[in-house]
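Undergrad: Between the sequences and the hints, there should be enough to build the whole structure, so can you do that?
Protein chains in written order, with the working numbering: chain R, 8 to 425; chain B, 8 to 425.
No wet-lab data here; the hints were simulated from the structure. The model shown is predicted, which means the values in this text are computed figures rather than measured ones. All residues carry an ideal CB built from backbone N, CA and C; glycine is no exception. Take every hint as true, because none was put in to throw you off.
Derived CB-CB ranges, DEER-like:
1) R:D82 with B:G113: 24 to 34 Å
2) B:T189 with R:P425: 36 to 46 Å
3) R:K107 with B:T41: 27 to 37 Å
4) B:Q222 with R:N193: 22 to 32 Å
Protein chains: 2
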Amino acid sequence: MNINDSLNDIGRKSLVASNQVKNFTSEEKNNLLTKIAEKINSDKELILNANQKDISIAADSIDKAMLDRLALNSDRVDSIINSINDIVLLEDPINKVINKNERPNGMLVERVSVPLGVIGIIYESRPNVTIDASVLCLKAGNSVILRGGKESYYSNLQLVTSARNALEESNYDKNIIQFIETTDRNAVDYMLSEMSHYIDVIIPRGGKGLVKKVQDKAKIPVIGHLDGICHVYVDEFADKDKAKQVVNNSKLRRTGICGAAETLLVHKDCIESHLPSIINILKSGGCEIRGDEMITKNYPDLIKANEDDWKTEYLDSIISIKIVEDVNDAIKHITKYGSNHTESIITENKENAEIFLNHVGSAIVMHNTSTQFADGGEFGLGAEIGIATGKLHARGPVGLEGLTTYKYKVRGDGQIRP
Amino acid sequence: MNINDSLNDIGRKSLVASNQVKNFTSEEKNNLLTKIAEKINSDKELILNANQKDISIAADSIDKAMLDRLALNSDRVDSIINSINDIVLLEDPINKVINKNERPNGMLVERVSVPLGVIGIIYESRPNVTIDASVLCLKAGNSVILRGGKESYYSNLQLVTSARNALEESNYDKNIIQFIETTDRNAVDYMLSEMSHYIDVIIPRGGKGLVKKVQDKAKIPVIGHLDGICHVYVDEFADKDKAKQVVNNSKLRRTGICGAAETLLVHKDCIESHLPSIINILKSGGCEIRGDEMITKNYPDLIKANEDDWKTEYLDSIISIKIVEDVNDAIKHITKYGSNHTESIITENKENAEIFLNHVGSAIVMHNTSTQFADGGEFGLGAEIGIATGKLHARGPVGLEGLTTYKYKVRGDGQIRP
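TA: Structural data, given as structure tokens:
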């Protein structure tokens with residue numbers, strides 16, 4: 008079979024499997040998830056061996072950070088198992104009556120949540136995504152087609168095999184979870200452009216290069232985000248200590264996540280009052296600071312920011328800082344340079360906070376908290392499949408609900424339309 | 008200015024206007040809608056004159072049905088005004104807290120409805136769409152870019168002028184509503200493929216040719232439907248009279264709407280019990296019947312259906328009829344040939360009804376009612392901008408809520424993420 012034929016075969020099987028999983032009861036789904044968790048536990052040796060194989064192949068060709076993302080050990084496998092068990096505890100998102108309307112003619116119109124169908128996940132070198140994504144899709148009644156990065160090939164394959172065995176041993180269609188085994192890059196192109204009659208939505212998980220490719224080529228709706236150029240704005244009415252702590256946490260708690268702040272906007276009246284302690288804490292955390300003209304005038308030792316800095320997601324210990332006139336000027340900057348991900352205002356002035364929350368168009372807008380809270384778990388969604396910055400369907404952290412759609416069920420007793 | 012420059016200019020202006028309209032209070036929006044209704048009333052002569060001009064130009068080149076869709080008279084203008092007043096009465100869909108979650112650390116996470124932004128409407132010869140669509144978009148806090156059919160050019164232009172004058176006289180940005188004045192077809196291509204940074208969603212309103220073009224070319228999300236190949240399935244446990252009345256209404260009440268039934272599926276045990284009276288009522292209503300082999304064997308005077316009939320949206324007094332084994336066979340046929348629009352089962356057997364409602368994947372699934380109820384007004388949504396058969400964002404009749412999205416507003420008091 009050539010690649011395209013084998014992908015179509017996977018698509019067909021996934022469609023068939025989606026018709027099975029969409030009708031599972033909550034109990035069936037939770038039992039299956041538990042089975043998968045047990046299987047991963049009993050297959051731990053196999054999984055770690057497969058991961059060793061990946062690491063020994065990749066060791067020379069990838070950097071340390073990537074190697075760390077790729078590596079599994081007993082604790083990390085346990086945390087995969089724990090996250091399955093956490094998802095078991097979440098409320099079933101399917102068959103919920105979203106609203107109900109009895110019409111004057113007696114017809115009952117219900118809007119009911121249903122699974123999306125078939126979800127395609129394209130991801131890079133984190134093997135845990137294999138299971139996290141599969142289990143979230145399954146809990147929301149969907150089948151899933153996985154395409155992982157080549158660095159984690161053997162780990163992914165073993166994890167998928169364990170999960171599929173759990174399905175099969177429970178007498179269910181193992182094709183609820185499928186993995187594209189070829190590492191040929193054309194497979195991704197074909198999946199994105201030619202499989203829209205099988206796949207309902209594509210979720211890319213990984214770096215900007217991957218997401219951009221998916222967004223450019225996909226003829227299937229994509230849920231995800233390209234950039235996380237997140238901003239913190241320190242208003243003239245900001246509490247000094249909150250400003251310092253929140254900016255520091257937003258930037259430096261973890262610099263490699265999409266919710267990390269990249270640009271700090273500071274009210275012009277805060278240059279002497281708030282900025283020194285912010286610069287101090289950032290510097291002592293090892294952060295490189297790139298300031299606009301106003302800032303380098305006051306702090307001649309800082310690097311001067313250029314136009315590119317306002318457009319850059321550093322994902323590193325670097326921050327750009329700009330002085331703005333007021334909250335509206337901050338909003339203007341965010342509208343021009345932001346990526347619709349997460350922005351936070353630090354202020355004790357309620358009016359300015361409301362202006363910011365209402366006028367910044369991002370998926371997540373915050374007042375007096377760290378942008379690093381941009382996460383499904385932190386929002387109480389239980390788990391997330393990713394963060395979306397588009398406007399249609401799901402935005403912000405996408406949890407189980409984002410993996411569903413709805414249909415109208417209309418019940419009558421012979422009503423005809425006049 | 009060349010066409011592309013002038014379209015970019017329209018896009019920029021619409022984006023600016025969307026930032027005004029998104030912050031209107033409910034009262035401001037309703038006052039504006041009322042102003043528009045009043046203006047259309049006072050401009051009635053101008054509107055009817057413009058429409059006369061369209062009709063005299065188009066009279067020789069378009070068919071009677073299209074001419075009827077194009078024609079305005081005093082009553083039809085009044086019904087445009089009435090539908091504005093109906094929309095005034097609808098609840099404001101913006102700024103609704105969809106859900107709220109206070110986190111253990113005291114952070115308050117709210118999901119709040121917000122406008123989509125800029126909506127593009129591409130439509131054919133019904134001038135009333137100009138106002139209906141604009142007013143729905145405005146009520147949901149969006150700006151709108153309209154592109155109407157060339158047959159209704161002068162009518163559309165006058166209606167838009169009246170509405171824009173109402174905006175301007177109220178000291179608001181008239182570019183909340185804009186109309187693409189060129190009739191150059193390249194303008195539509197440019198709008199669909201090059202304006203994704205201005206337009207958030209495209210809604211096509213018109214025939215299959217228009218919708219297919221929009222779906223094929225758009226690089227912007229599209230809300231709409233291509234076909235309405237709706238099915239009625241008469242189950243072995245159907246009440247005879249309900250079956251007859253619902254089938255007749257589903258097919259013949261109005262044959263030109265997307266919710267009209269195109270294919271009737273009949274349980275094999277109903278050939279002698281239910282089918283004769285159904286065929287009689289359809290025939291007496293002037294309906295052409297195309298049956299499968301089983302049916303033409305029993306009714307030799309009927310036309311034989313071929314494979315194409317199961318895939319055809321007649322939008323006419325024609326119906327195809329097929330005998331099926333049971334409810335699952337009916338679902339199989341619908342899954343293969345349906346367009347995910349609206350399907351109805353006629354049965355007194357609750358189990359079969361539930362199987363049908365759960366397993367048919369269409370946006371609207373019905374039990375014992377007419378497919379012609381597939382309409383936002385009939386569902387209690389107040390008004391609809393169209394019917395969507397995709398799976399993401401809005402499906403079924405799309406009302407004001409489908410013209411909104413949401414954002415997360417997170418309020419804290421200095422919380423940082425551990």
